[in-house]
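**Student:** Last residue of the sequence shown? That's 989 in the numbering used here, and every number before it is there in order.
Rather than coming from a laboratory, the hints here were simulated on the basis of the structure.
There may be inaccurate statements among the hints.
[Unchecked claim] In silico EDC-like cross-links for lysine to aspartate or glutamate, where the CA-CA straight-line distance does not exceed 16 Å:
| id | residue 1 | residue 2 |
| --- | --- | --- |
| 1 | Lys967 | Asp945 |
| 2 | Lys931 | Glu950 |
| 3 | Lys967 | Glu929 |
| 4 | Lys967 | Asp951 |
| 5 | Lys880 | Asp850 |
| 6 | Lys967 | Asp925 |
| 7 | Lys967 | Asp910 |
| 8 | Lys967 | Glu930 |
| 9 | Lys819 | Asp917 |
| 10 | Lys819 | Asp903 |
| 11 | Lys825 | Asp843 |
| 12 | Lys931 | Asp903 |
| 13 | Lys931 | Asp910 |
| 14 | Lys974 | Asp903 |
| 15 | Lys880 | Glu853 |
| 16 | Lys825 | Glu853 |
[Claimed, not checked] If you anchor each label on the Cβ, the simulated ranges turn out as follows:
| id | residue 1 | residue 2 | range |
| --- | --- | --- | --- |
| 17 | Gly874 | Asp925 | 39 to 45 Å |
| 18 | Leu868 | Gln968 | 41 to 47 Å |
| 19 | Asp910 | Gly860 | 34 to 40 Å |
| 20 | Gly920 | Ala943 | 47 to 53 Å |
| 21 | Glu889 | Lys967 | 29 to 35 Å |
| 22 | Lys892 | Gln968 | 43 to 49 Å |
Think of the CB as a built atom: it goes at the ideal place given N, C-alpha and C, for glycine as much as any other residue.
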Amino acid sequence: MSPEKFIIVGKLGRRRGVRGEINVTPATDFPERFLDLKEIYVETRGAWKRVKILSSTLVGGRPVLKLSGVNTPEEASKLTNLSLAVTSDQLVDLPDGTFYVFDLVGSAVIDLESEEKLGTIVDVQRYPANDVYLVEDEAGRELMVPAVAEFVKQIDIANKRVVILRAGLIDKTGS
Numbered sequence: 815m816s817p818e819k820f821i822i823v824g825k826l827g828r829r830r831g832v833r834g835e836i837n838v839t840p841a842t843d844f845p846e847r848f849l850d851l852k853e854i855y856v857e858t859r860g861a862w863k864r865v866k867i868l869s870s871t872l873v874g875g876r877p878v879l880k881l882s883g884v885n886t887p888e889e890a891s892k893l894t895n896l897s898l899a900v901t902s903d904q905l906v907d908l909p910d911g912t913f914y915v916f917d918l919v920g921s922a923v924i925d926l927e928s929e930e931k932l933g934t935i936v937d938v939q940r941y942p943a944n945d946v947y948l949v950e951d952e953a954g955r956e957l958m959v960p961a962v963a964e965f966v967k968q969i970d971i972a973n974k975r976v977v978i979l980r981a982g983l984i985d986k987t988g989s
């Protein structure tokens with residue numbers, strides 16, 4: 815399976831307990847998703863390896879996994895900082911009006927009024943009040959767009975296109 819088909823959902827953290835369990839730092843809004851998984855992909859040396867999940871639980875809202883072949887704290891420690899992924903068919907269905915970050919990154923950002931391409935979404939930064947789209951233009955200048963209805967007027971994931979109302983926004987270059 816090609817790497818493009820894997821979606822990172824977390825990173826392995828510190829070991830937990832004496833039986834080889836390991837904490838997970840989730841990269842998902844749905845940490846409970848780990849409770850239903852029977853297998854997961856672990857990235858080691860640039861390749862994805864499918865690993866069976868023997869048990870999973872949430873401790874303080876964080877997933878803790880017991881992976882096949884990991885039976886001691888020392889073995890669990892060797893996995894710290896490795897990425898965890900699922901395949902696209904294992905994704906959680908999102909409510910209407912919400913999107914995965916990987917679907918937004920790479921989208922062209924178009925000004926509603928001028929229909930000019932302002933740049934491309936290169937990252938989505940998460941803040942308590944709302945997400946912010948980090949948009950980079952051809953010259954490398956950045957524009958930060960709050961992901962709120964006041965500015966984001968249309969998101970077309972299929973065509974990788976986000977239409978915004980630029981009026982009222984100030985980019986980092988001050989222009």
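**Student:** Next, verify each hint and record whether it holds.
**Tutor:** To see whether the hints hold, each was checked on the structure:
A hinted pair counts as satisfied when its Cα atoms are at most 16 Å apart, and lysine 967 with aspartate 945 qualifies at roughly 15 Å. The hinted pair formed by lysine 931 and glutamate 950 meets the criterion: a straight-line CA distance of about 11 Å does not exceed 16 Å. Distance hint between lysine 967 and glutamate 929 is fulfilled; the C-alpha atoms sit about 12 Å from each other, no more than 16 Å. Note on lysine 967 and aspartate 951: the hinted pairing is violated, with a Cα-Cα distance of about 19 Å set against a maximum of 16 Å.
Of the pairs offered as hints, the one joining lysine 880 and aspartate 850 holds, with about 13 Å between alpha carbons and a cut-off of 16 Å not exceeded. Under the criterion of a C-alpha separation no larger than 16 Å, the hint pairing lysine 967 with aspartate 925 is consistent with the structure, at around 10 Å. With a C-alpha separation of about 15 Å, the suggested pairing of lysine 967 with aspartate 910 holds against the 16 Å cut-off. Among the hinted pairs, lysine 967 with glutamate 930 is consistent with the structure: their alpha-carbon atoms are about 14 Å apart, no more than 16 Å.
Only pairs whose Cα atoms come within 16 Å are accepted, and lysine 819 paired with aspartate 917 is accepted, the gap being roughly 12 Å. Annotation: proposed proximity of lysine 819 to aspartate 903 holds, straight-line Cα distance about 9 Å (limit 16 Å). Restraint check for lysine 825 and aspartate 843: satisfied, since their Cα atoms lie roughly 14 Å apart, inside the 16 Å limit. Among the hinted pairs, lysine 931 with aspartate 903 is inconsistent with the structure: their alpha-carbon atoms are about 32 Å apart, more than 16 Å.
A hinted pair counts as satisfied when its Cα atoms are at most 16 Å apart, and lysine 931 with aspartate 910 does not qualify at roughly 26 Å. Proximity of lysine 974 to aspartate 903 is assessed by CA-CA distance (about 20 Å); at most 16 Å being required, the pair is judged violated. At most 16 Å may separate the alpha-carbon atoms for a hinted pair to count; lysine 880 and glutamate 853 meet this at roughly 11 Å. For the hint pairing lysine 825 with glutamate 853, the CA-to-CA distance comes to about 15 Å; that is within 16 Å, so the pair holds.
Taking the beta carbon of each, glycine 874 and aspartate 925 are about 44 Å apart, inside 39 to 45 Å as hinted. Between leucine 868 and glutamine 968 the Cβ separation comes to about 45 Å, which falls inside the hinted range of 41 to 47 Å. Checked against the hint of 34 to 40 Å, the pair aspartate 910 and glycine 860 passes, with Cβ atoms roughly 36 Å apart. Distance hint check: the CB atoms of glycine 920 and alanine 943 are about 25 Å apart, inconsistent with the given range 47 to 53 Å.
For glutamate 889 and lysine 967, the hinted distance range of 29 to 35 Å is not satisfied, since their beta carbons lie about 51 Å from each other. A hinted range of 43 to 49 Å holds for the C-beta pair lysine 892 and glutamine 968, which are about 46 Å apart.
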